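When you get a sec, could you build the whole thing from the sequences and use the hints?
Those protein sequence lines, which keep their order, are chains E and Z. By the count of this note's numbering, the first sequence reaches residue 240 at its end, each step adding exactly one. By the count of this note's numbering, the second sequence reaches residue 240 at its end, each step adding exactly one.
None of these hints come from the bench; they were simulated from the model. Model, not experiment: these values are computed from the prediction. Some hints here could point you the wrong way.
Since copy identity is lost for identical chains, a pair holds within one copy or between any two.
List of simulated lysine to aspartate or glutamate pairs, EDC-like, C-alpha gap at most 20 Å [said to hold, decoys possible]:
# : residue 1 : residue 2
1 : 12        : 73
2 : 5         : 215
3 : 225       : 8
4 : 36        : 135
5 : 225       : 76
6 : 221       : 232
7 : 119       : 106
8 : 217       : 232
Protein chains: 2
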Amino acid sequence: MTREKIVEGYRKGIVVLHGLIAHGRGEAFDYLLGEKTHGFADYAEKIVASYLVVSNRPIISVNGNYAALAPDEIAELSRVSGAYVEVNLFHRTEERIARIYEFLREHGVERILPPSCEKTYVPGLESKRGIVCREGIALADFVLLAIEDGDRTEALVGWGKKVAAIDLNPFSRTAQKATVTVVDDAIRATRNIIRYVEGLRGNREEAMRLIAGYDNKLVLKQAFKALLDRLEFAVSRGVL
Amino acid sequence: MTREKIVEGYRKGIVVLHGLIAHGRGEAFDYLLGEKTHGFADYAEKIVASYLVVSNRPIISVNGNYAALAPDEIAELSRVSGAYVEVNLFHRTEERIARIYEFLREHGVERILPPSCEKTYVPGLESKRGIVCREGIALADFVLLAIEDGDRTEALVGWGKKVAAIDLNPFSRTAQKATVTVVDDAIRATRNIIRYVEGLRGNREEAMRLIAGYDNKLVLKQAFKALLDRLEFAVSRGVL
Numbered sequence: 001m002t003r004e005k006i007v008e009g010y011r012k013g014i015v016v017l018h019g020l021i022a023h024g025r026g027e028a029f030d031y032l033l034g035e036k037t038h039g040f041a042d043y044a045e046k047i048v049a050s051y052l053v054v055s056n057r058p059i060i061s062v063n064g065n066y067a068a069l070a071p072d073e074i075a076e077l078s079r080v081s082g083a084y085v086e087v088n089l090f091h092r093t094e095e096r097i098a099r100i101y102e103f104l105r106e107h108g109v110e111r112i113l114p115p116s117c118e119k120t121y122v123p124g125l126e127s128k129r130g131i132v133c134r135e136g137i138a139l140a141d142f143v144l145l146a147i148e149d150g151d152r153t154e155a156l157v158g159w160g161k162k163v164a165a166i167d168l169n170p171f172s173r174t175a176q177k178a179t180v181t182v183v184d185d186a187i188r189a190t191r192n193i194i195r196y197v198e199g200l201r202g203n204r205e206e207a208m209r210l211i212a213g214y215d216n217k218l219v220l221k222q223a224f225k226a227l228l229d230r231l232e233f234a235v236s237r238g239v240l
Numbered sequence: 001m002t003r004e005k006i007v008e009g010y011r012k013g014i015v016v017l018h019g020l021i022a023h024g025r026g027e028a029f030d031y032l033l034g035e036k037t038h039g040f041a042d043y044a045e046k047i048v049a050s051y052l053v054v055s056n057r058p059i060i061s062v063n064g065n066y067a068a069l070a071p072d073e074i075a076e077l078s079r080v081s082g083a084y085v086e087v088n089l090f091h092r093t094e095e096r097i098a099r100i101y102e103f104l105r106e107h108g109v110e111r112i113l114p115p116s117c118e119k120t121y122v123p124g125l126e127s128k129r130g131i132v133c134r135e136g137i138a139l140a141d142f143v144l145l146a147i148e149d150g151d152r153t154e155a156l157v158g159w160g161k162k163v164a165a166i167d168l169n170p171f172s173r174t175a176q177k178a179t180v181t182v183v184d185d186a187i188r189a190t191r192n193i194i195r196y197v198e199g200l201r202g203n204r205e206e207a208m209r210l211i212a213g214y215d216n217k218l219v220l221k222q223a224f225k226a227l228l229d230r231l232e233f234a235v236s237r238g239v240l
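Structural data, given as structure tokens:
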């Protein structure tokens, strides 16, 4: 079903061909991890919710794959958290930006920066790949992104943003560079973050406390460990 | 470069959208394995060459992804081994069969069954997914295939064929069910098989001896072990 969403996204002009290949890479890691939300991912999702609750200008950065996979979940997360959505693409064309914008609007996303937003560049990425909305990512203190390129994640962190990344590959540069790494499927992750935001939005202090105690290095280590344990088990049985 | 070949294959109508996702899954395993030919893969490639040398009716079964990735290598392998090529698709349309046939012909494949070949079904797969050429796969004693569906691999083995599968995922049903499993990239694998055929084609006895001593279970175990070792190393360093 997830696979059909991404294929349908391509047919609608939302996902690019390279996005389909990237999805396949994610599928392989999801398969190795057993296609479930592990404890370390659930914990990171709670931290993402905490950041959404305490940040002054949180932004949900949405690319083609994320839009195609989880449009309803993105709408719900934006609604419950109050965070704005910005459509932001690695393989950027204004046509695709407009198409994803319309797609998200149809799925009920109301807080969203228009394709006509005033633009600026991410410092260090002064090309089409670095274009962002001035009132969106540029002014944000926290950015949630999914299935993102490593250079862009690194540049956003270097710009002083707190960055949370949903990425099934714990070895990817995005996973390594993010402030919070969610090694989970984009749909499952977003649903869990929604649930945690609902629990935390009346309790900023608890959210602050959770963030203060968070160690992303440890979460990445646990993700590696989970992959390793699954493989060891597979080797002992001969199948995954 | 490999990724561009598969994207170009889609643009030419050779690869389907699901083929792009499958390619991404393979990429993830190749990445985990370090994007190189391991000893166990090299050994399996030598065994594939041995089967090509000793079989009475070997066939190279080519789907969209394999054609897009390695057309020149397939042509060369068919030439040096004398094996015929059959275009055989999981997502079968006669139009795509014809397109891949033409594409392979343009790349110098001469021994190839025409799209008009007389058809039959693989026993147990009496649907579009089970159509094969009577003078091709149906009469073959050995089938080399790449990036193939598990049901089809299993059905061919159940039909009494020796089946060699090139598949980067050692946990896949295809990898598990094949007579010989080559856990390697399709391009690297085919080049190595060509080299081994050149060395073995004057020496049937050596090829027979190699086949007699071959244990696919052991090769799969070594592939699992290699994945595990790479991951353990990655966990110790924090990156792959």
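Results of checking the hints against the structure:
Taking CA atoms no more than 20 Å apart as the test, residue 12 paired with residue 73 passes inside one copy only; the shortest distance there is 19 Å, against 35 Å between copies. Taking the shortest alpha-carbon separations for residue 5 and residue 215, neither the intra-copy value of 33 Å nor the inter-copy value of 41 Å comes in at or below 20 Å. In this assembly of identical chains, the alpha carbons of residue 225 and residue 8 never lie at most 20 Å apart, being 34 Å within a copy and 37 Å across copies at closest. In the homo-oligomer, the alpha carbons of residue 36 and residue 135 never lie at most 20 Å apart, since the shortest distance is 36 Å inside one protomer and 46 Å across protomers.
In this assembly of identical chains, the alpha carbons of residue 225 and residue 76 never lie at most 20 Å apart, being 32 Å within a copy and 43 Å across copies at closest. For a Cα distance limit of 20 Å, the shortest separation of residue 221 from residue 232 qualifies both inside one copy, at 16 Å, and across copies, at 11 Å. Taking identical chains as interchangeable, the C-alpha atoms of residue 119 and residue 106 are never at most 20 Å apart, the minima being 24 Å within one chain and 47 Å between chains. Taking CA atoms no more than 20 Å apart as the test, residue 217 paired with residue 232 passes between copies only; the shortest distance there is 16 Å, against 22 Å inside one copy.
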